[in-house]
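Participant: Sequence:
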Amino acid sequence: MRRGVLPASAAVLLLVSACGLTSGSPMVDDVRPGSIGAGEPLKGASLTVTSKEFTEQLVLGAIMGIAFEAAGADVLDRTGIQGSIGAREAVKSGDADGMYEYTGTAWITYQGNSEPIADPQAQWAAVRKADLRNGLTWLRPAALNNTYALAMNQANFKKYGTKTLSDVAALSKSEPGAVSLCVESEFANRADGLPGMEKAYGMSVPAKNVTQMDTGIIYTQVKKGSCTYGEVFTTDGRIKSMNLAVMTDDKKFFPNYNAAPEINSKTLKKWPAIEEILDPVTRKLNNTVAQELNAKVDVEGEDPHQVALDWMKAEGFVK
Numbered sequence: 010m011r012r013g014v015l016p017a018s019a020a021v022l023l024l025v026s027a028c029g030l031t032s033g034s035p036m037v038d039d040v041r042p043g044s045i046g047a048g049e050p051l052k053g054a055s056l057t058v059t060s061k062e063f064t065e066q067l068v069l070g071a072i073m074g075i076a077f078e079a080a081g082a083d084v085l086d087r088t089g090i091q092g093s094i095g096a097r098e099a100v101k102s103g104d105a106d107g108m109y110e111y112t113g114t115a116w117i118t119y120q121g122n123s124e125p126i127a128d129p130q131a132q133w134a135a136v137r138k139a140d141l142r143n144g145l146t147w148l149r150p151a152a153l154n155n156t157y158a159l160a161m162n163q164a165n166f167k168k169y170g171t172k173t174l175s176d177v178a179a180l181s182k183s184e185p186g187a188v189s190l191c192v193e194s195e196f197a198n199r200a201d202g203l204p205g206m207e208k209a210y211g212m213s214v215p216a217k218n219v220t221q222m223d224t225g226i227i228y229t230q231v232k233k234g235s236c237t238y239g240e241v242f243t244t245d246g247r248i249k250s251m252n253l254a255v256m257t258d259d260k261k262f263f264p265n266y267n268a269a270p271e272i273n274s275k276t277l278k279k280w281p282a283i284e285e286i287l288d289p290v291t292r293k294l295n296n297t298v299a300q301e302l303n304a305k306v307d308v309e310g311e312d313p314h315q316v317a318l319d320w321m322k323a324e325g326f327v328k
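If you read the sequence shown in the numbering used here, its first letter stands for residue 10, the second for the next number, and so on.
No wet-lab data here; the hints were simulated from the structure.
Take these hints with a grain of salt, some might be off.
What the hints assert, rightly or not - Capping the alpha-carbon separation at 25 Å, the derived lysine-lysine pairs in DSS-like fashion look like this:
(1) K168 <-> K217
(2) K138 <-> K293
(3) K172 <-> K233
(4) K232 <-> K182
(5) K208 <-> K261
(6) K249 <-> K172
(7) K172 <-> K208
(8) K232 <-> K249
(9) K217 <-> K172
(10) K101 <-> K138
(11) K261 <-> K182
(12) K260 <-> K172
(13) K101 <-> K279
(14) K182 <-> K260
(15) K279 <-> K138
As the list claims (entries may be wrong) - Each pair of labels, with its calculated beta carbon distance range:
(16) D39 <-> P185: 51 to 61 Å
(17) G186 <-> E285: 50 to 60 Å
(18) G103 <-> K172: 38 to 48 Å
(19) P204 <-> G234: 18 to 28 Å
(20) S213 <-> E62: 34 to 44 Å
(21) Q315 <-> K249: 18 to 28 Å
Note that the Cβ used here is the ideal one computed from N, Cα and C, for glycine as well.
Given only the sequences and the hints, what does the whole structure look like? Please build it.
Facilitator: Dropping the structure here:
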């Protein structure tokens, strides 16, 4: 459940007992301002960054913290909180000052809406407006959109030539046996997952052609060709490392999950320079960058914080 939410009882337990909210370690990177942080406008600030526990979030949390360090702040690292609610509540309560969150998660999971907004900028604007009432300010979003997709290996891509979900729907009608799916159980049952996708595209995949499995297994099974298409996350590093072909969501069915800084509003009022520090960094984050950074962790086994630091230096944001 990379972007999902814990059951209420589990969330309450997490909020009162998770070590991520009561402990942390100082970030001690030896960084100076590069293209961001000139004049150290955050000097004197003590800021806490947080994140959820999966790879991309750990990298994004480190990126935010390193940016704050370069601008002169003392930064406490409380990244890696289990589930979605814990990290968000930490920022909302002031136990943490900021994190990168996803617009679709906020709109659907936290703010209780059932219908996503197709335009990513409009989705972000709606989320921002709603969360201002919760003491949270969303800064400008990244192109990075960690949403659902279907992907296939290169052999099947050459065989069937599908490039869009409309192509997959057409194939399911012309050659029903050709379309087999590997998906998570959650995706198989969510309205914004397989059932909704089939309805939106006029697709009907027989139950015998749908296999449910854990996320990590999906990628290896698709690579092997055990299923023609697998449910993937568009920023996952394994897409690139396994050379999978991702189908375009040409009807824009899947919600937008653009990453954007979610900052405690009181913190932002006290340290308004946070916005100008993070904005250039956020604008550099897209799906290609995310896939590369995630792959360094998930495929090559590198440390998420070091991956973030190397990228920040390579981009010239920090020295």
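Participant: Hint check: K168 vs K217, CA-CA at most 25 Å. Holds or violated?
Facilitator: 22 Å, holds
Participant: Kindly confirm whether 18 to 28 Å is satisfied by the beta carbon distance between Q315 and K249.
Facilitator: Holds - the Cβ-Cβ distance for Q315 and K249, about 19 Å, lies within 18 to 28 Å.
Participant: Is the Cα-Cα distance between K172 and K233 25 Å or less?
Facilitator: 19 Å, holds
Participant: Please work out if K279 and K138 have their alpha carbons no farther apart than 25 Å.
Facilitator: Roughly 20 Å separates the two Cα atoms, so the pair holds.
Participant: Next pair to validate is K260 with K172; report whether the Cα-Cα distance is within 25 Å.
Facilitator: Cα-Cα ~13 Å, so holds.
Participant: For the pair we were handed, K208 and K261, check the Cα-Cα distance against 25 Å.
Facilitator: 13 Å, holds
Participant: Could you grab the alpha-carbon distance between K232 and K249 and see if it respects the 25 Å cut-off?
Facilitator: Given pair K232, K249 holds - Cα atoms ~11 Å apart, limit 25 Å.
Participant: Measure nothing beyond the straight line between the CA atoms of K261 and K182; if it is 25 Å or shorter, mark the hint as holding.
Facilitator: 21 Å, holds
Participant: Is it true that the C-beta distance of G103 to K172 lies inside 38 to 48 Å, as the hint says?
Facilitator: 47 Å, holds
Participant: Does the structure keep K172 and K208 at a Cα separation of 25 Å or less?
Facilitator: Within the cut-off at roughly 19 Å; holds.
Participant: Are D39 and P185 spaced within 51 to 61 Å by their CB atoms?
Facilitator: Holds: the Cβ-Cβ distance is about 59 Å, inside 51 to 61 Å.
Participant: Do the beta carbons of P204 and G234 sit within 18 to 28 Å of each other?
Facilitator: 25 Å, holds
Checked against the numbered hints listed earlier, the structure breaks none of them; every hint is satisfied.
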